[in-house]
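Chemist: Okay, here's what each chain looks like letter by letter:
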Amino acid sequence: MALKSKLLLVALLLSVLFLSVYVASATQDPDLKQEEEKEFQGRQQEDQNPYFFEDEHFETRVQTEEGRFQLLQKFTERSDLLRAIENYRIGFLDTKPHAFVAPSHFDADTVLFVFQGRPTVTIVRGEKRESHNLERGDLFRIPAGTPVYMVNRDENEKLFIVEFMKPVSVPGEYEVFYAAGGENPESFFKAFSPQVLQAALKTEMNKLERLFGQQRQGSITRASEEQIKKLSQQHDQGGSEGFWPFHGGQSSSDAFNLFSKHPSQANKFGRLFEADFNDFKQLQDLDLLVSFANITQGAMVGPYFNSRATKISFVLDGEGYFEMASPHVSSTGRQEQQPQPQKSSPWYQKISGNLRRGAVFVAPAGHPVTAIASRNSNLQIICFEVNAHDNIRVPLAGKKNVVSQFDREAKELAFNVPAREVDRIFNNQDDEFFFEGPNEQPEHGRAYA
Amino acid sequence: MALKSKLLLVALLLSVLFLSVYVASATQDPDLKQEEEKEFQGRQQEDQNPYFFEDEHFETRVQTEEGRFQLLQKFTERSDLLRAIENYRIGFLDTKPHAFVAPSHFDADTVLFVFQGRPTVTIVRGEKRESHNLERGDLFRIPAGTPVYMVNRDENEKLFIVEFMKPVSVPGEYEVFYAAGGENPESFFKAFSPQVLQAALKTEMNKLERLFGQQRQGSITRASEEQIKKLSQQHDQGGSEGFWPFHGGQSSSDAFNLFSKHPSQANKFGRLFEADFNDFKQLQDLDLLVSFANITQGAMVGPYFNSRATKISFVLDGEGYFEMASPHVSSTGRQEQQPQPQKSSPWYQKISGNLRRGAVFVAPAGHPVTAIASRNSNLQIICFEVNAHDNIRVPLAGKKNVVSQFDREAKELAFNVPAREVDRIFNNQDDEFFFEGPNEQPEHGRAYA
Amino acid sequence: MALKSKLLLVALLLSVLFLSVYVASATQDPDLKQEEEKEFQGRQQEDQNPYFFEDEHFETRVQTEEGRFQLLQKFTERSDLLRAIENYRIGFLDTKPHAFVAPSHFDADTVLFVFQGRPTVTIVRGEKRESHNLERGDLFRIPAGTPVYMVNRDENEKLFIVEFMKPVSVPGEYEVFYAAGGENPESFFKAFSPQVLQAALKTEMNKLERLFGQQRQGSITRASEEQIKKLSQQHDQGGSEGFWPFHGGQSSSDAFNLFSKHPSQANKFGRLFEADFNDFKQLQDLDLLVSFANITQGAMVGPYFNSRATKISFVLDGEGYFEMASPHVSSTGRQEQQPQPQKSSPWYQKISGNLRRGAVFVAPAGHPVTAIASRNSNLQIICFEVNAHDNIRVPLAGKKNVVSQFDREAKELAFNVPAREVDRIFNNQDDEFFFEGPNEQPEHGRAYA
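Protein chains in written order, with our numbering: chain A, 1 to 449; chain B, 1 to 449; chain C, 1 to 449.
Bound conformation, chain A alone (with noise of 0.2 Å):
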């Protein structure tokens, strides 16, 4: 066969192949080629907004009777646009009245913030027993290998707290250890040989085997009323450094309650709580700002932008949408290069979503965004801001906005327009930070619109 044959060949076999797919693609079951579209939609979609995160981002890695706890997955396994909050995570911890959770520790540091509930927290330090009775509006810091456990004393009330976690060890990995346990929660001392065990305890394996084989309920269970007293009676226990008690009244001197702050913004379109680490020391190391939105129903928060910091927020309660400008973020999940001749300037895209409880958006240091709460009820969230040093909130809207601040000239020059046109615009919202909301909400049935 001459060469230009099997050439020709090749040719026919590769495009009847080609041909064929597409045929095979073309002509299967039409129902189950528009589910493939949706979900191919679904994906793209989710691709071109990275920011935003719904309940099927989370993953469960608790589920008992008495509660759960959902962690939202890695913010880079979502988009690598995220690797400013890369060794961050998020979830929530949800629990019936009464609940106890189990005693664990984290590869991880913890910020906790009490939302629902009168959770009772225990941490073990060096030799030091310590509970912390919290309350609504708490942040309470675990330290990164804090043996801890709790109970949710209130006996009618959920527990609801949100957990905002820093990794200490593989970079966004985070790993719960319970030392105590049985067979669910499994305790980590049965992954060890039974002769180093019984050497390491001195105790013969039969007990051992008794003592680790009991627990099958899982990590969170249910209190008895007498053992919620008991746990939720504060105390230090110290070895010889330790002294009893050591806590005084209500709430722990050791938590920092955000509701105990005049808010740094309020008017009748919304309040916002923060702080900082003036406010609560242990936020310091970790870079991080804490703050409470509660948008009134009807109104909305900025638009603004973090001159530094990356924000990231949980919706608690209420429902709503969020805006944000973003330079144009491509399918593959890298901001794409600009090389428009007719028009080299950068392009943005609305990034969008309809928020409701366990909705989590994050909106990365300079881009520009805005909340807005339904009619029908109050918005209310909580945020985290990491890189919160030296951070500015610019507001681009209201008072103190910052267009109204440019020079005249710079006015004109980069409006093309007189000065006083802008000024007009831009000196008519006279509110701050918190504004009326629009008349209509615009459709928003699709997270990226």
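In short, the hints are calculated from the structure, not lab data.
It is possible that part of the hints are untrue.
Said to hold, decoys possible - Derived DSS-like pairs (lysine-lysine); straight-line CA-CA distance at most 27 Å: (1) A:Lys350 to B:Lys207; (2) B:Lys399 to A:Lys399; (3) C:Lys230 to C:Lys128; (4) B:Lys399 to A:Lys400; (5) C:Lys207 to B:Lys399; (6) A:Lys74 to C:Lys74; (7) A:Lys190 to C:Lys230; (8) A:Lys207 to C:Lys399; (9) B:Lys202 to B:Lys190; (10) A:Lys128 to A:Lys202; (11) A:Lys190 to C:Lys350; (12) B:Lys268 to B:Lys400; (13) C:Lys207 to B:Lys400; (14) B:Lys399 to C:Lys190; (15) C:Lys261 to C:Lys158; (16) C:Lys400 to A:Lys202; (17) C:Lys399 to C:Lys350; (18) B:Lys74 to A:Lys74; (19) A:Lys230 to A:Lys158; (20) A:Lys350 to B:Lys190; (21) B:Lys350 to C:Lys158; (22) B:Lys350 to B:Lys399; (23) C:Lys190 to B:Lys400; (24) B:Lys128 to B:Lys229; (25) C:Lys190 to C:Lys128.
Start from chain A and add chains B and C according to the hints.
Modeler: Coordinates of chains B and C only, in the frame set by chain A:
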């Protein structure tokens, strides 16, 4: 059909396929093929010299009638060997006289160096606007997320500014956000829903459409003499805590002029001006040292190496070349292991490149490097040294060269010659840092020789 | 040809292809196949125990008649699970008596520990040369980029030094640069153009060729008694700011001897010596703690875990094994998600390995770990703990074990047995940290059991 026959058939088909692909490639247009080979070699050379960048490694971010902003590609896009400087970017701004650069903010800390022109840089921090009249030699820092605009107040001279950036959000990614603008530069306000924008700015859509629809000239435009005069009148126009005028005379007090300090090295072969955080406090948290080297025509600098810092050099003017000794770089972009059975020590290759305005070369920590000016012109280089804290420059020739300081016995043992022979050679050169250059120039037609 | 026929043809071709590949693999040489399977299992085991390293994971960087330098592979080359220590390397230097290690500098900060021999280490900082006569037990830091050479001044004993390195340039990459040398070690001066070298050193090429052509014996050679005597006379020979002699008596004041401090743990089962930045200031910016454990034959250390630090252990002498509990490690090198429907808690696997000189094992933060000495010899281990700041060691057995410190109610709820049963077991062992080991040793034929 028996299995063997099927196997035979597949083997036949595959061999036909491979053969025909080979034939196809061998019989294609010979010019085209040569072209491809050249390009392939080009890429290979690039891989073997990831430390040298020329025009084609810059991306045009802004290009208008009045000027342009060129940004060097991400260092790690070039090679993993540059991971030490992964989170830095370098670029330059090049405009006509009287050009105005539109207000924007970046998701990066920026240090700029004025090489040519007289820019007035205005930044807005909180409720305070500050204008800085900069001069040739000035270093100035723009904190991440700070709205900034600039005008070249010189009516005759072009503006040439080198910008060194450290992104605060996605490592190594650099984005510009325009609040004020229209079609080009596009304002990020246009990414928000009309409903949201109307509510935030309390203004009807038709007025907003007009405001954000007039600018089409791009982000670098021409300012009138009158506008420049007003923009360059220095002021701080603060809110409650600001006062006016804050600044006094000529150059800005928040800038540092590299040429205001005595050169740290100076002889007839060259001069070196350096600024560290003691000179310019704003370099401290960036862990940065900035230096300007002016190498006399026909002279050279080094060889030397930096103990900890990685040095990024940008050629401002003149011509010449650099040479650097590097442990062998494989084409995969990773440093090759040295499994040579005869010779277990590492081995070094020469990295080199021809220097002219806009060329960039990188000398990682520990790498011996030298730069040589052509016989026709002085070579002027601005250098950014990252990881500058505790860095020591170690001279390899001339006064204070490190070899001369070894013990007599170490010299003998290391070179396997009498110590006096070592001294005779290493004591010959009695200049320091800058030396008379070579009589003949080695061939440097290729980036990697 | 109808579309359906084409589809049929392609289906036929594809099935033929897959079938024939299967047949081909099934009919190949059976020995070869077995070989491959074994190799595959080998790799699998390695993947499942990325925390344990033996001889084959070291690379020989230098090997001469007089000694060798072995460098452990990059941690992340082994597994992404080791990203916490991505930017650290560990290795050892092993030479004959009277060996001389040629002058060089590295692109890494190095902390060395002298286990055997009496090295004199000479470093050149700025214009100052310092010699340090080190002894067994000394810790010494060589800052990155510092020219250094070394001689084993002991005429009878071998030198054995463990080196812990933190690269300053490319994360995890470690390169050595020889200024003085010739063919082997090759001097980096030879990478420069002859013209450049002649100008820099003001010396003709034939003389340079002679100088850089004599050394062929490699970077570890033998020094004469006279040379050693001179090299080990301590001195600082400074430039203008130096003076001589700086040092006084025996051991160097810039070193810290681990054995000079009281052991932080000691009983008949073992002793632990620790140095943190309070003892040796030069560990501070490396965020490092160094410890030396001597476990008596037949005894054990732990189990315990570190709250924040990741511990890298290098076995110096003796035999034994370690066991560690780890959240399940999948063969892909990533920690598996736990989507078990019945059992939502994590589960732990045993990571273990046989220990002998040169074995390295890593215990990440939070991971419970124990090491057991064989009945024949003490087990001596040098440990480097990174991320040491604020780290707490949490004991899991013996005095002060963490389980005993839980509230009575927490014990009951966690183990689902009466609290007194928990106490009975966890109070049995009344030694601390070091314990009597197991009577019989579990089988540890494989790295991962």
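Chemist: Each hint: holds or not?
Modeler: How the hints compare with the structure:
For the proposed pair Lys350 of chain A and Lys207 of chain B, the alpha carbon gap of about 21 Å is at most 27 Å, so the pair holds. Between Lys399 of chain B and Lys399 of chain A the CA atoms are separated by roughly 62 Å; this puts the pair beyond 27 Å, and the hint is violated. Straight-line distance between C-alpha atoms of Lys230 of chain C and Lys128 of chain C comes to about 17 Å, which keeps the hinted pair within the 27 Å bound. Note on Lys399 of chain B and Lys400 of chain A: the hinted pairing is violated, with a Cα-Cα distance of about 59 Å set against a maximum of 27 Å.
For the given pair, Lys207 of chain C sits about 19 Å from Lys399 of chain B by alpha-carbon distance, which is consistent with the 27 Å threshold. Among the hinted pairs, Lys74 of chain A with Lys74 of chain C is consistent with the structure: their alpha-carbon atoms are about 25 Å apart, no more than 27 Å. In summary, the hint linking Lys190 of chain A to Lys230 of chain C is not supported, as the alpha carbons are separated by about 59 Å, beyond the 27 Å threshold. Proximity of Lys207 of chain A to Lys399 of chain C is assessed by CA-CA distance (about 19 Å); at most 27 Å being required, the pair is judged to hold.
Under the criterion of a C-alpha separation no larger than 27 Å, the hint pairing Lys202 of chain B with Lys190 of chain B is consistent with the structure, at around 15 Å. A distance of roughly 24 Å separates the Cα atoms of Lys128 of chain A and Lys202 of chain A; the hinted pair therefore holds under the 27 Å criterion. Using a Cα cut-off of 27 Å, the hinted pair Lys190 of chain A and Lys350 of chain C holds, with the two alpha carbons roughly 9 Å apart. With a C-alpha separation of about 18 Å, the suggested pair Lys268 of chain B and Lys400 of chain B falls inside the 27 Å cut-off, and the hint holds.
The straight-line distance between the Cα atoms of Lys207 of chain C and Lys400 of chain B is roughly 21 Å, inside the 27 Å bound, and the hint therefore holds. A threshold of 27 Å between alpha carbons decides the hint, and for Lys399 of chain B with Lys190 of chain C the separation of about 20 Å falls inside it, so the pair holds. Simply put, Lys261 of chain C and Lys158 of chain C have alpha-carbon atoms about 25 Å apart, close enough for the 27 Å limit, and the pair holds. Under the criterion of a C-alpha separation no larger than 27 Å, the hint pairing Lys400 of chain C with Lys202 of chain A is consistent with the structure, at around 15 Å.
At roughly 24 Å between alpha-carbon atoms, Lys399 of chain C and Lys350 of chain C fall within 27 Å of each other, so this suggested pair holds. Under the criterion of a C-alpha separation no larger than 27 Å, the hint pairing Lys74 of chain B with Lys74 of chain A is consistent with the structure, at around 25 Å. The suggested pairing of Lys230 of chain A with Lys158 of chain A holds, with an alpha-carbon distance near 20 Å, which does not exceed 27 Å. Between Lys350 of chain A and Lys190 of chain B, the direct Cα distance comes to roughly 9 Å. Compliance with the 27 Å bound is thereby established for this hinted pair.
For the suggested pair Lys350 of chain B and Lys158 of chain C, the alpha carbons sit about 37 Å apart, so the restraint of at most 27 Å is broken. Our distance criterion of 27 Å between C-alpha atoms is met by Lys350 of chain B and Lys399 of chain B, whose separation comes to about 24 Å. Of the supplied pair hints, the one linking Lys190 of chain C and Lys400 of chain B holds, its CA atoms being roughly 20 Å apart against a limit of 27 Å. For the hint linking Lys128 of chain B to Lys229 of chain B, the alpha-carbon distance of about 20 Å falls within 27 Å, and the restraint holds.
For a cut-off of 27 Å, the pair hint linking Lys190 of chain C to Lys128 of chain C stands: about 26 Å separates their Cα positions.
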